[in-house]
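Chains as they are written, first to last, in our numbering: chain A, 319 to 417; chain B, 8 to 652.
Derived from the structure by calculation, the hints contain no laboratory data.
Hints are supplied without guarantee of correctness; some may be wrong.
Incomplete in silico selection of chain A near chain B, CB under 8 Å [unchecked claim]:
{"no.": "1", "residue": "I334"}
{"no.": "2", "residue": "A336"}
{"no.": "3", "residue": "V339"}
{"no.": "4", "residue": "V409"}
{"no.": "5", "residue": "D410"}
{"no.": "6", "residue": "N413"}
{"no.": "7", "residue": "L414"}
{"no.": "8", "residue": "L415"}
{"no.": "9", "residue": "K416"}
{"no.": "10", "residue": "Y417"}
Even glycine gets a Cβ: it sits at the ideal position worked out from N, Cα and C.
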Amino acid sequence: MTPTYYLLLSALLFSIGAVGVLVRRNAIVVFMCVELMLNAVNLSLVTFARINGSLDGQVMAFFVMVVAAAEVVVGLAIIMSIFRTRRSASVDDSNLLKY
Amino acid sequence: MTEPVVASGVASFAWLLLALPAFGAAVLLIGGKRTDKWGHLLGCATILGAFAYGLALFFSTVGISNPEQRVQNLHLFDWVHINALTVDFGLRLDPLSLTFVLLITGVGSLIHIYSIGYMAHEEGRRKFFAYLNLFVAAMLLLVLGNGFVTLYFGWEGVGLASYLLIGWYQYKPEAASAAKKAFLMNRVGDLGLAIAIFLMFNRLGTTQYTEVFSRVKEFSSAEILAITLLLLLGACGKSGQFPLQAWLPDAMAGPTPVSALIHAATMVTAGVYLIARSHPIYDLSADGRLVVMIIGGVTLLIGCIIGCAYDDFKKVLAYSTVSQIGYMILAVGLGPVGYALGIMHLLTHGFFKAGLFLGAGSVMHGMNDEGNIRRMGGLAKYLPITFVTWTLGYLALIGIPPFAGYFSKDAIIAAAFTGEGWRGYVFGGVALLGAGLTAFYMTRLLILVFLGQPRWKELKSEDGREYHPHESPLTMTIPMIILAVGSVGGGWFLSSGGRLSGWLEPSLGELKEEHGVLSHGVVGILTVVLAVLGAAIAFLLFGRGKQPVERPARVSFPVRAARADLYGNALNEALFARPGTWLTRALVFLDLKGVDGLVNGTAALLGGSSGRLRRLQTGFVRSYALSMLLGSIFVLGALLVVRFS
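One chain only, chain A, in its complex shape (with noise of 0.2 Å):
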């Protein structure tokens, strides 16, 4: 049990996340590999702290938790009313902020 796994699982799942955030059109979708991207960093930030032996990484894993979940709390409202107005759930549709 190297801790190298845990860290290439941590860039595997973040690079899922970062890919279906570029490529995916539903906002949900994006939204769950938004959180897939976090869920790996805590991956590897709990890893380092394993590593390393302090606790400073695991503190810091609780810290993106809190965050995260406060973040899906207002993403899925936006999502919402976004939806309520448009009747769609694309974020390619909500593109009226430009030049």
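Could you slot chain B onto chain A? The hints should help.
Relative to the frame of chain A, chain B by itself:
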């Protein structure tokens, strides 16, 4: 140079001379319409008070037996005190300034009184008196100031008063533009005066007369020449001398009392005063004085020649003023042989020219403000007092003995013959020729206005009224009579026994007598002969037959040139006005295309490029996310490269 003593006794109240007219001007200007009823009386009272005080001061100064003590200095307050620049505000009470005080307040009083009658029908007569008082205060400051800066203050003050009064009929375009012209051309001269003062301060660190004149030896000869020429430029501007003479005839657009007081008797002689006052500087520069003489000689001829061709009563007199001041400038340019003569001619000229102008005003007053002498004629019968006083002034101006002008002008002409070599002949000849021409054009004026057949009977003035010439009221004729008395006896009184030159000695130094290429007696006879000859020619040309009412259109070249001011205005326009217009046009072009182009170009460049750059904001969240990702990768990559290389 006589060192001044501290003023005491009567002289210690000399500030009253400035304060009285300044007070009058302030009350009348601030009081506004409330002072309409008695404004003219206050205006006359302040100037009469100043005149009475001037007389008291004069006699108390005459009473000082030692001439050295007659130069007094009255320190009033420290005016400017900044670092190295110290300017006293003080009055220099010496024979020269007191002579001017009497001339200004004396003639000024007469003209104030005359104005009561002349301006009786004018709206805002009170304002007119306020301006006149302002002028008198400024002029007194000019002649009484004890340094060049105080002189400059007065100099600008009279310029302002002159501007306001020339533009009195501001609703007439020619009056408004004449006022502007006078102001601008004076400004050219003032520049010279200002630079001369700067030069003095630069070298000596002071501008007070006593210090400048006692340390005048510290200047290098080049600086002396520069200062003399710059002061001369100032004198040319104020006194209407060549090449800045063109404003003075136009200034006749103002009311006639103004022409008499400011543009004949007092202000325009300030240039002569300036040169006479600065005589310790001019004494050191023969070249500077030569230029002064050349300017004076050229101007006196220009004035005479143009005066022969004009048909406007006041403009002929104005050109006569230009030429008589040319005589004065010529006289003070002669140096120690001429300073006192220039001042003497200034005084007698102040009397007879003021009288001539007031006479002209009286004629115009009776003739519906008509100024064209071709529409007059035979007026002697209708305006007898004006005719007699005017004729006495006329005889004084053309220099017939024993009238005033003979004594002063003849002395100047005789002195003009004293120069060495060619100078004596040239300047003397010019002065003599001028005397003959003066007699010619003045006689022409006399004939066309007062003698001959009346040409106005079938005509109507511009406003459609018929002419009913009538004698003027007493307030106008009495000043004319007093001035006529001065024109008759003034010259003899001032010159007999060297009275004036002896009196002015503490200010101007001793009047040197030199024997010229022609003796004084011969010159005197020649002057009178030429004057009579000029008058006779005028009688032959204009005295017989009926003169045309319209001026002849087909005339010889000299007459055409004289009618066009000897192309003085055309020259000004070609040399200064048009290049000035071109310059401004070029500058406007540069401003629009160059400066504005640069500024607008920068703005357009920024606007255009940002307009293109903002296309990057597509509105697609995923593309922003991609750019954030790429940016993060780039930063990370850069960090790694730096870390591991």
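A quick look at each hint next to the structure:
1. I334: 14 Å, violated
2. A336: Holds - the Cβ of A336/A comes within 8 Å of chain B, reaching about 6 Å at its closest.
3. V339: 5 Å, holds
4. V409: 5 Å, holds
5. D410: 6 Å, holds
6. N413: For N413/A, the interface hint holds, since the closest Cβ of chain B sits about 3 Å away, which is under 8 Å.
7. L414: For L414/A, the interface hint holds, since the closest Cβ of chain B sits about 6 Å away, which is under 8 Å.
8. L415: Holds: closest Cβ of chain B sits about 6 Å from L415/A, inside 8 Å.
9. K416: 3 Å, holds
10. Y417: Because about 4 Å separates Y417/A from the closest Cβ in chain B, which is inside the 8 Å limit, the hint holds.
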